[in-house]
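There are 2 protein chains.
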Amino acid sequence: MVEEKENVASANAASGQEPVSKKGAKKQAKAAKKAEQKAENAAAIAADEAAGDNAADHAAGRYGLSEMIQSKDKRSEREFVLVPELSQHVGKGLVWVRGRVHTSRAKGKQCFLILRQQSSSVQCILAVGDVISKQMVKFAGNIPKESIIDIQAKPVAVANKIESCTEQLVELSVEQIFVISQAKAQLPLQIEDASRPENPDDAEGLNIRVNQDTRLDNRVLDLRTPANQAIFRLEAGVCRLFRDILTDQGFTEIHTPKIISAASEGGANVFTVSYFKDSAYLAQSPQLYKQMAIAADFDKVFTVGAVFRAEDSNTHRHLTEFVGLDLEMAFKYHYHEVLHTIGNTFTAIFKGLRDKYSREIEAVGQQYKVDAFKFLEPPLILQFAEGVAMLREAGVETGDEEDLSTPNEKLLGRLVKAKYDTDFYILDKFPLAIRPFYTMPDPNNPVYSNSYDMFMRGEEILSGAQRIHDPEYLIERAKHHGIDTSKIAAYIESFRYGCPPHAGGGIGMERVVMLYLGLDNIRKTSMFPRDPKRLTP
Amino acid sequence: MVEEKENVASANAASGQEPVSKKGAKKQAKAAKKAEQKAENAAAIAADEAAGDNAADHAAGRYGLSEMIQSKDKRSEREFVLVPELSQHVGKGLVWVRGRVHTSRAKGKQCFLILRQQSSSVQCILAVGDVISKQMVKFAGNIPKESIIDIQAKPVAVANKIESCTEQLVELSVEQIFVISQAKAQLPLQIEDASRPENPDDAEGLNIRVNQDTRLDNRVLDLRTPANQAIFRLEAGVCRLFRDILTDQGFTEIHTPKIISAASEGGANVFTVSYFKDSAYLAQSPQLYKQMAIAADFDKVFTVGAVFRAEDSNTHRHLTEFVGLDLEMAFKYHYHEVLHTIGNTFTAIFKGLRDKYSREIEAVGQQYKVDAFKFLEPPLILQFAEGVAMLREAGVETGDEEDLSTPNEKLLGRLVKAKYDTDFYILDKFPLAIRPFYTMPDPNNPVYSNSYDMFMRGEEILSGAQRIHDPEYLIERAKHHGIDTSKIAAYIESFRYGCPPHAGGGIGMERVVMLYLGLDNIRKTSMFPRDPKRLTP
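Chains as they are written, first to last, in this note's numbering: chain A, 1 to 537; chain B, 1 to 537.
Among the hints, a few may not be true.
Going by beta-carbon spacing under 10 Å, a handful of chain B positions derived as facing chain A [as the list claims (entries may be wrong)]:
| # | residue |
| --- | --- |
| 1 | K184 |
| 2 | A330 |
| 3 | C499 |
| 4 | L535 |
Hint data in this document are derived by calculation from the structure and do not stem from the laboratory.
All residues carry an ideal CB built from backbone N, CA and C; glycine is no exception.
Based on the provided sequences and hints, a complete structural model is requested.
In structure tokens:
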């Protein structure tokens, strides 16, 4: 924090100083105005330059504030090198690199600057000499953290490993440095603080944490940490794997409407939308539409999209808007054809993440304590009754037709892990009484149904079932649930033109990522989370 | 339509008849009840069976209504063959096939049935003999169209091509036939009518059309036509290509919230959502979030998701909810880096569709007149001013800073097609005055801006621009547009922590599919379209 205060001070001192160049002038004038109002230091750099003896600056023209990039000139021929590729350029002369100032410290005749590019970083050095002037060192030392800069530099091999950077064997000897986009001097959070390991083994005094609301309020900064860069790249991987695995098996992607005319399940927990002169609702699930696609001969479908729940739940695992990975599939004789397809899809996703996203998993692990996710192949399938028996054996009182409470769900997850060494399992044959009316009852035992949940680290991430595809039976079951069948007439009607038996399920994407990585809060895996208390940014 | 009336008649006549089997009884009892109420013929089949002399039926047990498939038994060992694979089974004995009854006609001792499976179809024959009884032929002939059946049959090579089926060289000699899911006898639309070519060269009297509302009201049936099966498979292909092409270039997929706290652009055309005790809005575009992802170091991002427009436009190309294919990308010096990336992405999508979806394109072409989509490689880029000049040359009066009207857009598309022989082109450098406040002005000419639209067959399918990444300049431009900057403070704030120059665009997925295929209405490419007058199904 000391650095930022210095910057603010020099910004104030700088107001009205003579600018170095025409280009700088416009920028400086604006910045000065801002500085007056808010004690910001946008002018600090130019001021520092001006403080030196301009005439004597043999590095003039090699540094400064770049004009705003407005696509004025034809495409530059300048080739940029990525930080991870720098080691290949050692001894081959000058390269250009664009990145952020992670930290910058001028000490006497030298400036050490760490340049960050997404999750990569490299040390840069400016030392007063033939190329670099005193003023240039000072300029570099005063660039606010998080500013975007272009540097021209020689990649040089170093004798001692640079522990603070991802590039440990190479550093950059800078010859030109320009600020492309300058950050505010005072940041609402420091990337270093936001990146600090949550459970450091050595309890040092410097363990400053950034609380979650501060992070989310300043998500643009928070997302720059190596862990967040990794989390959302892995999340993209989950979606990609889900889609590719299913597409390879003949599934077709569909898109289902989010604005619907009637609330899917009785109207509880549904957001209302004003729709021209009428009212409508936000879909809590794409289920009806997936089922219609099955009835419409698409055979196997999936959809990835926003799902809305107007539930006033302020927990670590509830969002009011999340991404659903939904699938639905016609089967021939037994819904286990679908159950196995879904189970194997998870196995394939877990393998894909393990094999293709090891770097991301490691990056997350450097900040959050992550136990590697364990799974069996083929996945473990337990009967609901078996789960109940395991819980009872552990001393829990729970009824045969009672739903699993969240604590029981977690306990069962631990019991399963202890017994089978897996973080993923399937619980089949849930009691009929606790499932929606459209769930197919178990024909062999009236207490149960052809429905299943799937769990990761003891938390539910998928709920699914065989759906009733016979319209008359659907009416019978709806009536049994006390549902006004006239309100679901369109749903029932979908099954009157021939519909194959089918089953499916819906997966909460953010939960999968949270639980795969062993994170403690779903807000860590939603880029811009929505909960009952948060609608911004 | 004649057939259906017959069925209804026999259904009425059948009420109360003796059922064949225990299994059939339950079903029949229900169906009879229904038939009484609505003159439906669900019982027709069982009735017809019963009409024969049961004792003399040597085919008993080889046909009938199957019990509802409720996953009673363990997975069946029965292997099913797909219709397109049948020709490989000629002479190899019996196979099982599941499909729909497309048509069925019993004439004397024979029944000709066309079995449809998605877009494939095959002729099936039942002839009275050692295996098949008179009753069985009658049963098969009375199965309502669109019912799902399982048949066991011998694939047999035929001497004369069967023109009415996709399998023209093989037919099925049926030995068993069971109804898995029976359709209503009276369908709100006939698949044959809904599949009929829209512009047949020979104007025959039978050219019955199904109007669009009837189609959409009964989408489950309408979607079963070969053209619709193809359209939505191709649509899935567009999304897949879009994502794969961008992922291969280092783009990361992100997910952006649909519920937002403030209306993105001034509040016009936004749906309001009740959000617990507050109000919120449905996002008209993911733009702010894409830009935040860029400011958060994701460098290149895309997102595929629902986009909402509360516009009371009842045209062939407007939906109130559609799927946006959005992308945003940081660039080094010139927004053309992004423009070319987007243009080349379109080229790659067009090539992918042409090469991988030729079967689907052909299927659509059999119903709708489709001219092959033409494109240049690299894509044609025209300046807005050039477009205006072309229009003026064609006699149109249009101002330098005037937006293109829809008719002018279409005319320009035709002029471009005539001159350059391409259905896709990019119009660059739109007038600044007609673009949103966050659009980067052209530094070389104050009339224009660094913004572009892209067109397919003369209709806009993408709008994009370099965005202003400098917060002070953004404020200046917002004020120029008379926007209350306090309301967009969070947006502006995103750029205060260092943000690279960036540009992007948003693509309407349904429009791309509609225009690629040359269809006349966007409702044809939205599986469950939403417009000001339609919220169902």
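Verification of the hints:
Look at K184(B): its Cβ gets to within about 5 Å of chain A, closer than 10 Å, so that hint holds up. The interface hint given for A330(B) holds, since its Cβ lies 9 Å from the closest Cβ of chain A, which is under the 10 Å cut-off. Proximity of C499(B) to chain A holds as hinted, the smallest CB-CB distance being about 5 Å (cut-off 10 Å). Because the beta carbon of L535(B) sits about 4 Å from the nearest beta carbon in chain A, less than 10 Å, this interface hint is met.
Of the numbered hints stated above, none is contradicted by the structure.
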